[in-house]
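So the protein sequences, as listed, match chains A and B.
Counting in this note's numbering, the first sequence runs from 1 upward without gaps.
Counting in this note's numbering, the second sequence runs from 1 upward without gaps.
Worth flagging that the hints you see were computed from the coordinates, not collected in a lab.
Cβ coordinates follow ideal geometry from the N, Cα and C atoms, glycine included.
Hints are not guaranteed to be accurate.
Calculated lysine-lysine pairs in the DSS-like style (CA-CA distance at most 30 Å, straight line) [as the list claims (entries may be wrong)]:
hint : chain 1 : residue 1 : chain 2 : residue 2
1    : A       : K599      : B       : K100
2    : B       : K39       : B       : K116
3    : A       : K639      : A       : K481
4    : A       : K385      : A       : K400
5    : A       : K548      : A       : K639
6    : B       : K39       : A       : K87
7    : A       : K385      : A       : K487
8    : A       : K201      : B       : K100
9    : A       : K316      : A       : K400
Quick partial rundown of chain B residues pointing at chain A, CB under 10 Å, derived from the structure [as the list claims (entries may be wrong)]:
hint : residue
10   : S21
11   : K39
12   : D69
13   : S81
14   : G97
15   : E112
16   : Y113
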Amino acid sequence: MSAVQPPTSDAARDFLAEAEEILEELGAQLADLADMAESGSWDPDLLNAIFRGAHSLKGVAGMFGFTAVAEVAHNTENLLDWLRMGKVGLTKTVVDLLFRSARLLTVLLRATGDGTLVQYQDDITAHAAAITSCLSPGASPTVGSLEQVGLPAAIIGSLTEYEEHRLRENLEQGRCLFVLHTSFDLSSFDQELGSLTDLLKKYGELISTLPSIGENSQTNIDFDLLLGTQRSEQELRQLLEGRVVSITGYGSPADFSAPAATPSSQAGGAAVTVTDAVVAGDDQPGSIGAPPATASVDENASAKSMSRTVRVDIGKLDSLMNIVGELVLAQSTITSIANRMRTEGFSRMAVDLGKAAKGLERRLTDLQSGVMDIRMIPVGQLYDKMSRIVRSITREQGKKVDLKLYGAETELDKLIVEDIADPLMHIIRNAIDHGIESPEQRRAQGKEERGTLRLSSYQKGNHVVIEVEDDGGGIDLEKIKQKALAKGLVHDVSTLSDRETLELIFLPGFSTADQITDVSGRGVGMDVVRNNIAAVSGMVDIETKLGKGSRFTIVLPITLAIIKALIISCAGRTYALPITSVVESLLLVPNEIRTVENKEVISLRDATLPLLRLDRFLAVDRIDTPIEQYVVVVGSAEKRLGLVVDDLLGQQDIVIKPLGEMFRSIRGISGAADLGDQRTILVLDAGGIITEMVRSGG
Amino acid sequence: MQPDQKGSSVHPATILIVDDSAAMRSLLVATIETLGPIKTVQAASGFEALRILPREQVDLVLTDINMQDINGLELLSYIRSNPMYQSLPVIIISTEGSRKDIDRGLSLGANEYLVKPFVPAKLLELVQRLL
Chain A
1 MSAVQPPTSD AARDFLAEAE EILEELGAQL ADLADMAESG SWDPDLLNAI
51 FRGAHSLKGV AGMFGFTAVA EVAHNTENLL DWLRMGKVGL TKTVVDLLFR
101 SARLLTVLLR ATGDGTLVQY QDDITAHAAA ITSCLSPGAS PTVGSLEQVG
151 LPAAIIGSLT EYEEHRLREN LEQGRCLFVL HTSFDLSSFD QELGSLTDLL
201 KKYGELISTL PSIGENSQTN IDFDLLLGTQ RSEQELRQLL EGRVVSITGY
251 GSPADFSAPA ATPSSQAGGA AVTVTDAVVA GDDQPGSIGA PPATASVDEN
301 ASAKSMSRTV RVDIGKLDSL MNIVGELVLA QSTITSIANR MRTEGFSRMA
351 VDLGKAAKGL ERRLTDLQSG VMDIRMIPVG QLYDKMSRIV RSITREQGKK
401 VDLKLYGAET ELDKLIVEDI ADPLMHIIRN AIDHGIESPE QRRAQGKEER
451 GTLRLSSYQK GNHVVIEVED DGGGIDLEKI KQKALAKGLV HDVSTLSDRE
501 TLELIFLPGF STADQITDVS GRGVGMDVVR NNIAAVSGMV DIETKLGKGS
551 RFTIVLPITL AIIKALIISC AGRTYALPIT SVVESLLLVP NEIRTVENKE
601 VISLRDATLP LLRLDRFLAV DRIDTPIEQY VVVVGSAEKR LGLVVDDLLG
651 QQDIVIKPLG EMFRSIRGIS GAADLGDQRT ILVLDAGGII TEMVRSGG
Chain B
1 MQPDQKGSSV HPATILIVDD SAAMRSLLVA TIETLGPIKT VQAASGFEAL
51 RILPREQVDL VLTDINMQDI NGLELLSYIR SNPMYQSLPV IIISTEGSRK
101 DIDRGLSLGA NEYLVKPFVP AKLLELVQRL L
């Protein structure tokens with residue numbers, strides 16, 4: 001094979017066409033640049049585009065052996081490189097020289113066609129000399145370390161020299177640096193990313209675009225965009241809401257309100273939109289509602305924002321809610337001091353203090369509900385997500401499902417909505433995967449070919465109920481029993497009621513390999529679903545009818561920040577039981593206790609109520625058993641349990657704090673709470689206790 | 001020169017050419033075609049390359065550095081970080097003025113580099129070595 005192939009005539013034609021195109025573009029771009037130079041500032045992107053034009057021209061001209069064009073393009077490229085790297089200023093002389101370059105290149109290109117190149121040799125030499133004289137020696141800019149900025153190594157390592165220069169330039173101008181992580185569908189990322197970068201260029205300079213592997217590399221591609229901007233992190237979050245996965249701030253300037261520490265928690269826009277209609281409340285209009293400085297949005301938009309809303313980081317609302325919680329606790333301490341004073345004879349002062357405390361309580365209640373209102377978002381936000389999931393699963397499975405949505409306007413604490421999304425998704429996946437039959441099966445059973453999935457939410461007292469109801473095949477209780485036996489989760493199923501059998505689904509290890517499909521798989525069992533729901537003090541319950549369908553009912557507290565709890569004591573310790581799980585409480589009459597299959601039960605309005613002695617469940621030693629004990633009926637619907645405790649200490653608002661990773665596996669405890677008198681108590685999880693009862697066989 | 005005997009697969013070797021200059025791409029294609037049955041796929045931008053990679057079974061990438069959407073270094077960085085393409089050979093092509101960028105490319109894991117203008121033989125030698 002011969003080593004050197006002459007360029008084909010096709011390629012040469014391509015070159016001439018391309019060179020002409022580049023020069024045409026160059027003319028227009030230079031005109032823009034000249035306008036900008038007069039006004040004193042210019043767009044680095046434009047300058048870089050001009051540079052790239054000259055660079056391409058030089059590259060291809062060199063490859064095709066058009067040395068004269070290549071030489072002029074090379075000199076022009078040098079000048080442009082110094083310019084874009086800040087080594088020479090954009091003076092009138094420089095602008096003139098650039099125009100001269102473009103003219104010379106045009107002439108040379110035409111001349112290559114008709115072989116009259118030689119006569120331009122002097123022009124080429126003069127042009128080169130003019131360019132060399134532009135660069136004053138020793139003008140190379142100082143180079144500081146970029147390391148202290150702390151940008152990810154992958155981004156720094158992939159910057160070209162020019163991009164690195166732009167990065168320094170942005171830092172020198174006191175701009176903030178942000179890495180915006182984005183994720184797009186592989187099939188459409190270029191349009192979506194294109195429109196995002198157009199938007200970003202309005203807010204600052206896009207320094208680099210680094211692609212990376214998405215979480216799902218089959219369908220997605222991720223990008224880290226390095227943006228230099230004058231805007232604050234908060235503004236950026238507001239402007240880019242929903243368009244980027246996360247925003248991480250880097251660099252020096254002092255006005256990072258919440259810097260790099262919490263980027264990932266902000267993923268998916270974990271922020272609450274506050275409308276000032278809500279904030280203003282009834283009797284104190286505008287007290288907190290006046291929009292702060294963050295209301296400055298796009299410069300092109302009108303100065304006054306249309307929606308009159310403020311986006312707030314949920315973390316700020318959390319800490320506000322915590323303070324309110326602590327205030328409520330402090331207030332209840334004052335009330336109890338007032339009560340003690342009254343009983344101890346300081347009546348006048350005690351009555352006054354009691355009145356003052358009552359007034360404080362009322363105001364605190366207002367404050368609490370005001371802050372609570374801000375946290376509330378409609379469940380409808382979850383619905384959108386679920387609709388997408390239903391569409392994608394049904395497509396995968398070849399099933400036909402109508403999703404009916406009810407009560408989208410029901411409001412729930414933002415954090416609960418976030419935490420409930422995964423368990424809810426899992427239940428929905430299960431309903432389609434295991435519940436709703438294929439169109440053929442449904443036809444054979446005389447059902448509508450299309451299955452129906454109802455997702456409804458409504459408020460019920462202090463709770464929000466979310467129901468997922470399908471009209472599929474229902475759950476076969478016999479199969480569940482067999483499976484639980486086969487897996488060794490239970491040893492005797494003969495005495496299990498239907499309800500108890502359904503409880504088996506929630507046992508750890510019940511849903512494993514043979515049940516895992518693409519859809520409901522992911523290795524997550526219903527035990528995890530229940531635990532996740534319990535983590536937000538919720539309960540989940542199943543009803544099913546073989547051949548007709550199933551209904552999952554999730555009962556959630558409206559907010560987690562402050563919940564009402566029944567304070568109980570047992571064996572000298574104090575516990576809290578969320579009111580959401582308490583049905584009623586009654587005095588235990590010892591001689592009414594019967595024993596059925598070694599389990600203690602009592603009769604409650606013609607129904608049998610199994611009892612559980614809390615001290616035994618928690619394995620607490622006790623010295624003596626009080627004569628009077630109480631039964632707290634917990635659970636929902638037909639799944640009830642009587643917790644035997646020593647005393648009922650009354651209701652109180654509590655702030656539940658998580659116990660941390662180490663204690664997460666302990667069943668029956670959902671967290672800890674501060675009682676306001678320096679006492680920390682455990683919060684019981686009724687759902688977990690019931691599950692544990694079934695597992696241990698009562 | 002020996003034709004490539006390493007690949008036991010039936011399909012001809014596929015080379016992805018990434019350059020925003022159509023003329024440059026044509027030139028590269030024309031040069032590579034002299035090697036015999038090699039399939040060439042062209043991308044006019046880094047984005048286009050990102051879309052082609054999962055679709056085509058690419059055996060070698062030739063990429064320019066200076067491009068509009070993502071630069072060749074970013075494309076290279078992506079290729080090296082993706083388990084699917086980690087060992088895919090990459091040749092970066094640039095000009096003498098971008099020497100520093102070429103060095104960065106090599107430290108990011110480019111297998112070879114070409115400085116424009118280069119003689120076709122140089123390209124063919126690298127292509128044959130890396131295929």
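Can the restraint linking K599(A) and K100(B) be considered satisfied, given a maximum Cα separation of 30 Å?
-> Since the Cα atoms of K599(A) and K100(B) sit roughly 80 Å apart, the hinted pair is violated (cutoff 30 Å).
Could you grab the alpha-carbon distance between K316(A) and K400(A) and see if it respects the 30 Å cut-off?
-> Measuring from Cα to Cα gives roughly 43 Å; hence the hint is violated.
If you draw a straight line from the CA of K39(B) to the CA of K116(B), is it 30 Å or shorter?
-> 23 Å, holds
Is the hinted pair K385(A) and K400(A) satisfied, with a Cα-Cα distance of at most 30 Å?
-> 18 Å, holds
Would you check the hint for K548(A) and K639(A), treating anything up to 30 Å between C-alpha atoms as holding?
-> The given pair, whose Cα atoms are some 21 Å apart, holds under the 30 Å limit.
Hinted contact S81(B) with chain A - closest CB pair below 10 Å = With a closest approach of 6 Å, the S81(B) hint holds.
Interface hint status, K39(B) versus chain A (Cβ within 10 Å) = 18 Å, violated
Given the proposed pairing of K385(A) with K487(A), does the C-alpha separation stay at or below 30 Å?
-> Cα-Cα ~34 Å, so violated.
Was the hint right that S21(B) lines chain A, CB cutoff 10 Å?
-> Constraint on S21(B) satisfied, holds at 5 Å.
For the hint on D69(B), does the least C-beta distance to chain A fall short of 10 Å?
-> 7 Å, holds
Should the hint that G97(B) touches chain A count as held when the rule is a Cβ pair under 10 Å?
-> 6 Å, holds
Does the CB of Y113(B) sit less than 10 Å away from some CB of chain A?
-> 14 Å, violated
When held up to the earlier numbered hints, the structure conflicts with 1, 6, 7, 9, 11, 15, 16 and fits the remainder.
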